[in-house]
Each structure stands twice: as C-alpha cells, then as structure tokens.
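Chains as they are written, first to last, in this note's numbering: chain A, 1 to 76; chain B, 1 to 805.
Read the hints as simulated data drawn from the structure, not as lab findings. Heads up, a few of these hints could be off.
Claimed, not checked - Computed list of lysine-lysine pairs in BS3-like fashion (alpha-carbon distance at most 27 Å, straight line):
no., chain 1, residue 1, chain 2, residue 2
1, B, K238, B, K304
2, B, K52, A, K36
3, A, K59, B, K304
4, A, K59, A, K37
5, A, K36, B, K304
6, A, K69, B, K77
7, A, K36, B, K168
Stated by the list, open to error - Derived Cβ-Cβ restraints for the label pairs, each shown as a range:
no., chain 1, residue 1, chain 2, residue 2, range
8, B, E346, A, D52, 35 to 41 Å
9, A, D52, B, I307, 32 to 38 Å
10, A, K72, B, Y224, 42 to 48 Å
11, A, K55, B, V384, 42 to 48 Å
Glycine included, every Cβ here is placed at the ideal spot set by N, Cα and C.
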Amino acid sequence: MTGILWLELIVGIIVSFTLLGVFIWGVKQGQFDDGKKMMNGLLNDSTEDLQDAVKNEEKVKAIKEKKAKEKKELDK
Amino acid sequence: MSLVKCTHCHLEFDESVMIKEPENPELNFCCNGCQGVYHLLKDDGLDNFYDKVGKNTLSPPVAVGVDSSNFDMESFKSRYIKTTNEGFSRVDLIIEGIHCAACIWLNEKVLAQTDGIVEASINFTNNKAKIVWDEDIIKLSEIIDKIRSIGYNAYPYDRSESEKKATKNKRDYFLRMSVAIFASMNIMMIGVAKYTGFFTGMEDDMLRLIHMAEFIFATPVVFYSGWIFFRGAYYGLKNKILNMDFLVSSGATLIYIYSLYVLFGGDGHSYFDSAAMIITFVLVGKYLEVIGKKGAVDTMDKIKSTIPLEATLIVDGGKKVVPLDKIEVGDIIEVKNGEKASVDGELVTGETSFDESSISGESLPVSKKVGDKIFSGTINLNQVIRYKAVKNYANSTLNSIVELLEDSLNSKPKIEDVTNELSKYFSVIILSLALATFFGWYFYDGSFEKALIIAISVIIIACPCALALATPIASLIGVSWLSREGLLFKEAKFIETFAKVDTIVLDKTGTVTKGKLEVINCEMVSDDSDALNILYSLADSSTHPISKAVKKYLEINFENLQHVELENIEQIHSKGLKATYNNKTILGGNSELLEEYQITIEKEYTSTIYHFAIEDTLIASFELADTIKEDAIKTIEYLKSQNIEIVMCSGDNENIVAKVASQVGIDNFKAKMTPIEKADYINKLKAEGKIVVMAGDGVNDALALSRASIAISMGTGADISIAVSDVVILNDSLSGLEKSVYISKRTFKFIKQNLAISLVYNVLTVPIAMAGYVIPLVAALSMSLSSLLVVGNSIRINNKKYEGK
C-alpha cells in the first residue's frame, strides 16, 4: 500500500514540477507581463480571430522574406 | 425628454441632441466623431467590436490638434524610432482612450490588418504599445492616423532603462511568488491528510511519506522564493540592522532545519508547512509593493510623452526647428494653434488665448496680448503667435514640474503600517524568548536536543500567520466595500493611512465645484422664438466653454429649438462671436464686444457674462459661474465633525476662492497657487507631522497629489492626476470623501481588533510552549484557530451598512 503511494508521490511530483517548469518558461517569455490582457484573453478568442492570426502570420512572413531578399541583393 | 445611448460610445444623452440617420433610424450618435468611427468599423467588417465592448462605455473621439506629420520628422525618428535586427522600424507608443479588452482587440486588429505592420501588441495594464513596421510600405504618421481614425490617440515614449529594470524585477518577483503559492497549495493539501491522521491514527511509514512530500515542496519555497529575504537579511546585517527580512529568513530556516532533522530520523514532528507559509505570505505583500513601483515608472512615461519634442525658432526672419534643450533665453519662438509652449516667455507678436489648465486648473481660456507671460506646457488655442523665451527649457515651469514629479513618484515615502511596526518588536521578542527557552532548558535538563526542540516549538507556536493576516483580510473586505461605493483604492494599505488622516487639502475647480460654467442668471428682453433659434444656433457654432454653457441652458429651459443657417460666423478674439442672419448683424459675447458695436451695457457684472444682440438691440444677457457640487456642504460638515482640518487650494484669484470657501464652510483657503506652491504646501504640512490627503482633478494638481500621503482624484479628472493618485472617486461626487473616511475608520478599527486577537493568542500559547507542553496536535490546531478568529472577525466589517451622516 505504502509502496504504491510512494510511486504516486514520485509521479505526481514529476508531473507538477513539469507543469511548473512550463509556467516558468511562459513567465520568462513575458507571456504573463500583462495581467489584465491575460485574464481578458478568453473573451476575444474565437475561430475567426485564430484565422486572422494565421493570415497575419502569413503576411508578416511575406514581408520578412521580401526584406531579407532585398538585404541579400543589397549585400551583393 | 428621454435618455438614449450613443451607438458607438454607449454614453447616455438626451434624445433631442442625438445625430440621427434617416436610412438607419435605430442608430443614435452623440457626435460626428462617434458616427464616423461607427461607419468606419462597419465598412471594415469590424463591427463585432460592439459585441465585445458589452456594457462598457467609451470616450467619444476628439479631434487631435497636433498634425501627425510631426511623427515623420528626422528629430522624432532619431529620438524614438529604433531599427530591429531584421531591418524594420520599431516605436513604443502610449495609446490613449483604452477602456476595456475590446479596445485592445480593436486596435490590434486594425493595425494587424494594415499593410506593412509586422507586429502590433498593446499592453492592457499600462496601455503601452510596441509597433514594428516596414518603412518602405507605410509611414509612422499613417499608422498614427489609423489609430486616430478609430477614436484613439497615440503618443510616443522613450522606453527607459528604468522601465526595463522595473519589468525585469516584477517578472522575477512574480516567478518567485508563483513558485511559493504553487508549492504552498500542495503542502496545504498534503497537510489535510497529515492533520486528519492525528485524529484517526497514522502508520509511521505513511507519516514519513507525507513529510517527504512536504520537504520536496517546501525546499524551493525556502531557498528559491525565500532567497529575497536571505539577500535582504545579508545586506541588513552588513549595515548592522536587524530587519524584517532577517527575522523571516531566520525563522523559516530554523523551522526548516528542525523539520529536516525530524524527517531523517529525529524525534518529533516536522513543520515544513509553517516554513513555506511564512515565506509565501510575506512574499505576496512584497510583490504588491513591486507592482506599485512599476506603476510609478509607467506613470512617468505617460507624463513625459506629453512634453513637446521641439520648438520653432525665428532666426534671421526664417524658421528653424530645434530640440528644446537648444532654446536659449531671448530666442523668439513661434507657436501654432493647438501646439504647446515649450519654455516660459513673453508674448511679442499676435493675440491669442491659452489653455492654462495645466498650471491653474481653470478650464476657461486665458487671453494673451503683447507683453503677457506665456507658461511652458500651456496650449495655444487661437492664432499663430511669437514669444520671447525668458527661461531655458531646464528652468521652465514644465520641466521643473516633470522633474519634481519624477522625484516624488520614485521616492514616495512608505508610511509604516501598524502591523509592520508591531511585527518588528514581535519577532525580536519571540526570537529572544526562544533563545532564553533554549538556554533555560539546556541548563535545567542538560539535553541539547530537548532544549533545541522546545526552543523551536516556541517559534512555531508563535507563527506570525494571524499577525500577517490581521491587516490584509480586513483591508480586503474594506476595499471591496469601498469599490461597491464607487471608490477605487489602488492598494489596500491606503485604508490604514486614510483612517489616520488629520488634514485634507482640496482643489477648488472640479473638486469642490463642478469645474464647468453654468448659467446662474438669465435676463431676457424678448422671448421671440426666432431670436431664440438664432441665439441657439450661434451658441452651437462654437466649442468655447461659455457658448457650450449657454447652449445647454437653452436646451434645458426652452423646447422646440431649431437650427437656423447663420452666415459669416467670425470669432472675435477674447470677446465672442459675430455672424449675419438675413443681412442682420448677430453678436454673442462679453460687454466689450457689444460696446464695440455701440450697444451700451449699463449694468456692472462681477461674474462671467454673455450678451446676445441682433443688430443694435440687446436680446438677452446670461451670467455664468462655476457652481459648487451639491454634496460639498454636507461632506465638509462631516469631515469637520471628524476633527479633520480642511484647506482649499486653488490657482484661481483670491475673491473667487474666498467666495467658494465661504459657500461650503471652509475657513482655511489659499489662492493663486502654482502647482509647485501647492506641492510645497503639502510638504510643509507633512513636515509638521500631519497625515495629508489631497483631492484634485487637474494636470495642475498632479505634483501636489504625488506629494500627499494619500492622493485622491476625480474619475473624470486629467489622465495624469488619475495616474498619480492612490484613490479614484469614480462618480466625481465629493461625498466619496465622506464614505472613504467612514469606511477606512471602521476597517482600521477591525485591523486593531485583529492584532489584539493575535497578540492575546500569543501571550497565552507561548508560555505553554516555553514550558515544553506543546504536542504537535496542539500546535496544528492553535495555528489554524488564531487565523480563523482573525478572518471571522474581519467579516463583521460589512455588517454595519453606511447610511451617511
């Protein structure tokens, strides 16, 4: 009985510390700097917003590629 | 007449003044700005913004005086725009007009949809935005115009080193606090099993397992989260000071080491939970302080973003744009309509009006003629003028205020709260008692181990949980009560200071008075409806505060007013308006204007006056004044009954201030005070040992507010004064002061009771521990019991409702 509890304790601690590690990574990335926005994020997340985010990423990627290409040509 | 909501900003107005669209009768707009933004959002498919806004209200968009092309100037670029590694441009902006999450959503969405913008992220907490864009595709001025087009405004700010440091510090504390809370919550859950086991009985193996789990969770709390206290204790000892950090860290370490000894074979009971809890409680309090410091940095950035960047000098007949620090005494500076004066000076050409509300707090424009003084930071409202600099930028009013403000925000004195004061003595006494117990038992019994265990049990039983909870729990209940009454306390600790207040300094305009001109007397020679319609149209054609007040008076007192088509509307500087209607001359303005057109005014007026005449016949005269708030007299009476000294400070002249003071029953008042004089006065009061609350609303009050023990601003006050205040009265009523005093005093009474409970508890239990009679069950129960008593007592704060005096 105690043996299983020891195993559970070890697994539980590994899982919870892994989650804590992910959280610490998020904090270090600055994802929790804006408390208010984080709490209100749920209100504004919709499928449409996600699609827009993807479109925006594509747009930014295109601008970045273009800029990199121009820089390359300029270096030549 | 019924009130309807504006479709865009959701503010309520009388239906008769709303803008309607025949094709969309369900739409109501309070102004052209709201109408424009609504259609723009609808055309761009962003009208689901209104679903997200919900019941929140927005500010109607206002026309911004400064041309956005300034943002493309070289001097601006070199100061604010950085280049990223990828070759894009980056600027940091402060967005004005953000009210809710939907505003952030809208701004980010609009910017993301704009071609050439690579990144746009806005921080909701401080309204700061980071924008990255491709200069080849879009200019910054176009980005700013885009933000303005949807009803917001943006100012650049210099992302200072202090901001980066404050952000890093806040993140570090947040991380340490999160780890402490996470681990403590787990320890608490394990604790339920442990303490239940005391009643039901538990095998030794099981207890060891529980102790091991507590050890694993408590270790990061003590050494990672608690590192701040070890560091603080080290610096304290280095300077020969026994500070709070030393007591927290030594207490937690002793308990931790003892528990470790128990875990690895020693006799007794482990207290990893107590070690973790002490650190977590105190750390949460420290984190709140760090947030306050970050807030001060954000406020300073907001203030600095309103300073003009450069000035136009007149050199050899030509114009030259120079940065402010290059302006020398004697230089001639040109200021266009809508621009701010950059340094103090004297008017040499032109005639205009200046908005001096940032200096005097008065909203009425001040007319300026050649030879008059111009103050830096004030806004030119009419024609282009030229003035001679009499001071350089470093010595000018604006810079002095900004520097002083920065100074006082960074070094806001911490008022020692009663718990902090007590806990210093408390901890020293407990540590001494533990030490005495150790030596006592050691010499009496001879067993080192027994002496150590009993000494540590003294520290454990005197766990400062109840003491640590005494203030926060009561303050939390007090703050939530205050917020239900529309009083926003930015930090719970202000309740205690508020309860001890002995002097309240009030600003006049906007605080004691409504801050708006109102018609107090009207003499009508004729009430012909045609004449009324002409008067209404003339008053509506100007945005001057006097015209607005007359228009409002007419709307309230007369029905069926209609607009007529006036021609040749002309603003006559500092005097009023002139127009023509059916070839007749229409005049609206002061006595001087009418006398210029040979209309004699016989009566002498002491207050602001607005006459209306058609051709050479006087039709109506309106006397206007700023009226006192309805609840002012009652509030002042209440505050006096609480033995609080009340002083009214104003930038206005002596006669007006004296009149208002006598109306509301204030005996002590100061007139013609500049922002710096107000701040000095607050300092003087504080030097006399007084706890000073300052209530104000204007930009001119910001400095004095930052100096006060507690700063209160009105919800509709200037952004800067709200930013520097500790308390915001959301509904602008002065009775908020009365409620704040009442609720704070009641809450403080409970804080004192809580402290007494926790001290009595310690007086009773510590001797038992010193005598060596504490068994683990007693320790566990008594620790929870003292905390429960404190929480239960605090809940009683709400029992007695506030019903006014």
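Hints, one by one, checked against the model:
no.	hint	result
1	K238/B to K304/B	violated (38 Å)
2	K52/B to K36/A	holds (15 Å)
3	K59/A to K304/B	violated (34 Å)
4	K59/A to K37/A	holds (24 Å)
5	K36/A to K304/B	holds (24 Å)
6	K69/A to K77/B	holds (25 Å)
7	K36/A to K168/B	holds (18 Å)
8	E346/B to D52/A: 35 to 41 Å	violated (55 Å)
9	D52/A to I307/B: 32 to 38 Å	holds (37 Å)
10	K72/A to Y224/B: 42 to 48 Å	holds (46 Å)
11	K55/A to V384/B: 42 to 48 Å	holds (46 Å)
Against the hints set out earlier in the document, violations occur for numbers 1, 3 and 8.
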